[in-house]
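Full structure from sequences and hints, please.
If you count the sequence shown from 1, you need to add 2 to reach this note's numbering.
It is possible that part of the hints are untrue.
[Said to hold, decoys possible] Capping the alpha-carbon separation at 30 Å, the derived lysine-lysine pairs in DSBU-like fashion look like this:
{"id": "1", "residue 1": "K10", "residue 2": "K314"}
{"id": "2", "residue 1": "K370", "residue 2": "K5"}
{"id": "3", "residue 1": "K85", "residue 2": "K171"}
{"id": "4", "residue 1": "K147", "residue 2": "K370"}
{"id": "5", "residue 1": "K109", "residue 2": "K10"}
{"id": "6", "residue 1": "K193", "residue 2": "K156"}
{"id": "7", "residue 1": "K256", "residue 2": "K304"}
{"id": "8", "residue 1": "K256", "residue 2": "K147"}
{"id": "9", "residue 1": "K171", "residue 2": "K304"}
{"id": "10", "residue 1": "K304", "residue 2": "K5"}
{"id": "11", "residue 1": "K370", "residue 2": "K314"}
{"id": "12", "residue 1": "K5", "residue 2": "K171"}
{"id": "13", "residue 1": "K147", "residue 2": "K208"}
{"id": "14", "residue 1": "K147", "residue 2": "K10"}
{"id": "15", "residue 1": "K693", "residue 2": "K658"}
{"id": "16", "residue 1": "K85", "residue 2": "K156"}
{"id": "17", "residue 1": "K256", "residue 2": "K370"}
{"id": "18", "residue 1": "K109", "residue 2": "K171"}
{"id": "19", "residue 1": "K304", "residue 2": "K314"}
{"id": "20", "residue 1": "K156", "residue 2": "K109"}
{"id": "21", "residue 1": "K193", "residue 2": "K256"}
{"id": "22", "residue 1": "K314", "residue 2": "K171"}
{"id": "23", "residue 1": "K171", "residue 2": "K256"}
{"id": "24", "residue 1": "K109", "residue 2": "K5"}
{"id": "25", "residue 1": "K193", "residue 2": "K314"}
[Claimed, not checked] Just the calculated beta-carbon pair ranges, DEER-fashion:
{"id": "26", "residue 1": "V795", "residue 2": "F141", "range": "54 to 62 Å"}
{"id": "27", "residue 1": "A458", "residue 2": "V795", "range": "41 to 49 Å"}
{"id": "28", "residue 1": "T12", "residue 2": "R144", "range": "43 to 51 Å"}
Hints are computed from structural coordinates only; laboratory data are not their basis.
A virtual CB, placed ideally from N, CA and C, is assigned to each residue, including glycine.
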Amino acid sequence: MGKLVVLKITDGSFEQGFTVTLQIGEENARHAIETVGRLPAAPELPQYYDRWQSSYYQLGQPVRLTATKVQKPDPARLEECRKAAQELQTQLNTWLLSEPYRPIREKWLERLTPDQEIRVILQTEDPQIRRLPWHLLDFLERYPKAEIALSALKWEVYEQPQQANSNVKILAILGDSTGIDTNADRALLEKLPQAAPTFLPEPSRKEITDRLWQQPWDILFFAGHSASQGSTGRIFLNQTDSLTISDLKNGLRKAIQQGLKFAIFNSCDGLGLVPELADLQIPQMVVMREPVPDLVAQEFLKYFLDGFSQGKPFYLAVREAREHLEGLEDQFPCATWLPVICQHPAVIPPTWQELIQPDSSLQRPSVKQGLAIALLTSLTVTAFISGIRFMGLLQPLELNAFDQTMQLRPAEPPDPRLLIVTIDDEDLRQQRRTERLNAVSITDANLSKLLSQLTAHQPRAIGLDIYRDEATAPTHPELIAQFRDNQALVSICKVGFDKANPYGIAPPPEIPHDSYRVGFSDFISDDSDEIVRRHLLGMRSEGQTESQCHASFAFSTELALRYLRDHTDPNQTGFDANWNLNIQVNRAPKDLITKVPHSYLKPAQPGRQASWQPDQVALPRLRSHASGYQGMDHDGGQILLNYRASKELGDIAAQKPLRWFLSQQTPPSAQELADLINGKVVLIGVTAREKEDSFKTPYGAEQDERTPGVFIHAHMISQILAAVLDDRPLLWVFNPWADVLWIGGWSLVGGMLVGGLYLRTTSRQRLLPQITLAVGLAVGLLYGTCAGIFIWVGGWLPLVPPVLALIVTSGGVVILLDRQHTRFIKNAELH
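What follows is the structure, given as structure tokens:
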């Protein structure tokens, strides 16, 4: 997008100096930069201009001024004119190199680059300032796509009317042609592509007025003689009649109201016309600052119309046409000085294509029609997106978005209620040096010693995440007793969901069946990518008829409930008929911090501290259609697994390797063991790489990183404990109908946003960037909303479906509105 530069020259005179304000911004946007400077007093500058103007007038060229006798230019006068022009240019540039003007100059050079398309609007009410050749500023040579226009300081914003065009409508007034060739101008206009010129050769005032009122015009063109009389410009219609702009003000005002885009006065001394034309709020004009030779006027018109009709921006077409006149300056000095743009500051010049099919002149649908299109498109797209989502076609994308959002969460501290005893590769090597491990990861002797150490320091629970489906050898009676009698010890079995292992793995045979000290270790991983995103809390016993594992509660659930046993009512804790896990908190935890909001605290009365109350914490079961999951197997009590965020999932809790407990050289002290174990859930599990007990998680799944199962069990236990004791949010989802409303809402946002832009934007070229930016911002807002709700309150809201709905609806609304416009244009052409 191009740059708009506004130079305001105010408050002063050439004797006192002027205040200068520089504003720089993007096209069609409020300026982002404003700097103030000054131009010092330069009383001699108007004198240099008068000297040049006098020498220019003495050339006696065949100009489009009031018809006079043509004189052949004197070579000496040509040289005198060139010399006066050079002196004026030097003085003007010296003026703008003054120290008070430096902030303006430096800010310009800092913020604008030579490759940018720049419109420079010079606003002033001083007529002498207007007449200076501002295009000759030295630093403008660095900017080949910049052009200066003149403008008044006072102006009003107005809305240009909308009309449908199949051709560019030009009203061409060919005035008094005595001594000049206006037929050349006519021929150039007739050659324009997709133009419909209407010619008025030497018309009367009434003919011009009637035409101005008769129909909308895009371009007003005048060729012929004109002159300035004081501050008033006069155009000559024929050899006997002339008129001023004020004589046509009502007709011109009507033409502007009907959509006149710009005027070209290819006649002499056009700056005299500018004040009156500016009062009428004409969008833009091209005039000649001084008497213009006939050939120069024709050549400028040819070069300008060629460039503009081929798609060049208005300002660039004027600059290139003006610079083309350099080839005539051997005969007509200062020909490149003559064309000048006069601009309404609030209007962006159209391109030729926009005149043919202008966004600002098309009859756009009404706001009511736009709303209807946006609403119907939104409903259609919402139904389509929701349908393909219900079929599961978007599930891989949604699960991937879930993983990405999961990784955005800030790190959480380790759970102090847990301790993990790891059996890593080094532990396996050390055990193999003294004993034969066979297929196990810990010998009976070492396990017996470890359990004795742990039990001695009173943990809340001990979780053995190691399969022991074979009976312990009679040579280890202490270990057999641990399994049989240790009420803190919970072991695992495997139900086995797949056909490859339909019978699962049995629990340790020494643990009594009715002791509730066995939990199943099965994880639920998603079929598409084998990532563990769900937490299976319990399962129906009828689904385990062939399995050797008949545990109804998960390993993590058993351990969490054992930790909470002192705080809960076992008679009110368990799964209901719908497999929602309800935990009745019956006693305030020892470490309860009453200033922290807990679900089991009564709201504090004014001036009083919050008090504890019994409460039930519910872990609601997922349904088959839960946010990104569509049609999943939801048997048993499943919830989403809210991993405790950290750089490494193994940082969930304090860890010690097996060899630390069994060390003979530096055995841990009793105090160390007590601090580490007392009152905690202790997990024992294998982290060695040679054992295939690792799983994919949302963290690092793209790199196929896997996490040992014991760490995942720890996250599951921590999730339950934190939900009950810390009020840490569980992950939750909308019900399916709320999902549809959420998707539909964002779809409607896209439709309304794009529809609004389409109805108010006046340029097709600017429409696409604006729509792209608006849709991008809306998608960013949607992403930020979903991520924020997920991170702070645990809500997994649909992200991919509303993004698709928003984008598709936006595109659909643009297409439908465009068709409305096309249909109107065709109807307009038929009529």
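Hints versus structure:
A distance of roughly 27 Å separates the Cα atoms of K10 and K314; the hinted pair therefore holds under the 30 Å criterion. The straight-line distance between the Cα atoms of K370 and K5 is roughly 35 Å, outside the 30 Å bound, and the hint therefore fails. Between K85 and K171, the direct Cα distance comes to roughly 43 Å. Violation of the 30 Å bound is thereby established for this hinted pair. Of the pairs offered as hints, the one joining K147 and K370 is violated, with about 42 Å between alpha carbons and a cut-off of 30 Å exceeded.
For the given pair, K109 sits about 15 Å from K10 by alpha-carbon distance, which is consistent with the 30 Å threshold. A distance of roughly 38 Å separates the Cα atoms of K193 and K156; the hinted pair therefore is violated under the 30 Å criterion. Annotation: proposed proximity of K256 to K304 holds, straight-line Cα distance about 29 Å (limit 30 Å). Proximity of K256 to K147 is assessed by CA-CA distance (about 34 Å); at most 30 Å being required, the pair is judged violated.
Of the pairs offered as hints, the one joining K171 and K304 holds, with about 18 Å between alpha carbons and a cut-off of 30 Å not exceeded. Between K304 and K5, the direct Cα distance comes to roughly 27 Å. Compliance with the 30 Å bound is thereby established for this hinted pair. Distance restraint check for K370 and K314: the Cα-Cα separation of roughly 36 Å exceeds the 30 Å cut-off, and the hinted pair is therefore not satisfied. Distance check on the hinted pair: K5 and K171 sit about 29 Å apart at the alpha-carbon level, within 30 Å; holds.
Our distance criterion of 30 Å between C-alpha atoms is broken by K147 and K208, whose separation comes to about 41 Å. With a C-alpha separation of about 21 Å, the suggested pair K147 and K10 falls inside the 30 Å cut-off, and the hint holds. A C-alpha spacing of about 18 Å is found between K693 and K658, which places the hinted pair at or below 30 Å, so the restraint holds. For the hint linking K85 to K156, the alpha-carbon distance of about 36 Å lies beyond 30 Å, and the restraint is violated.
Annotation: proposed proximity of K256 to K370 holds, straight-line Cα distance about 28 Å (limit 30 Å). With a C-alpha separation of about 41 Å, the suggested pair K109 and K171 falls outside the 30 Å cut-off, and the hint is violated. Note on K304 and K314: the hinted pairing holds, with a Cα-Cα distance of about 14 Å set against a maximum of 30 Å. For the suggested pair K156 and K109, the alpha carbons sit about 25 Å apart, so the restraint of at most 30 Å is met.
Distance hint between K193 and K256 is fulfilled; the C-alpha atoms sit about 28 Å from each other, no more than 30 Å. The straight-line distance between the Cα atoms of K314 and K171 is roughly 19 Å, inside the 30 Å bound, and the hint therefore holds. Restraint check for K171 and K256: the C-alpha separation of about 15 Å stays at or below 30 Å, so the hint holds. Between K109 and K5 the CA atoms are separated by roughly 14 Å; this keeps the pair inside 30 Å, and the hint holds.
This hinted pair checks out: K193 and K314 have alpha carbons roughly 17 Å apart, not beyond 30 Å. Distance hint check: the CB atoms of V795 and F141 are about 56 Å apart, consistent with the given range 54 to 62 Å. Taking the beta carbon of each, A458 and V795 are about 42 Å apart, inside 41 to 49 Å as hinted. Separated by about 26 Å at the C-beta atoms, T12 and R144 break the suggested range of 43 to 51 Å.
In this structure, the hints that do not hold are numbers 2, 3, 4, 6, 8, 11, 13, 16, 18, 28, in rising order.
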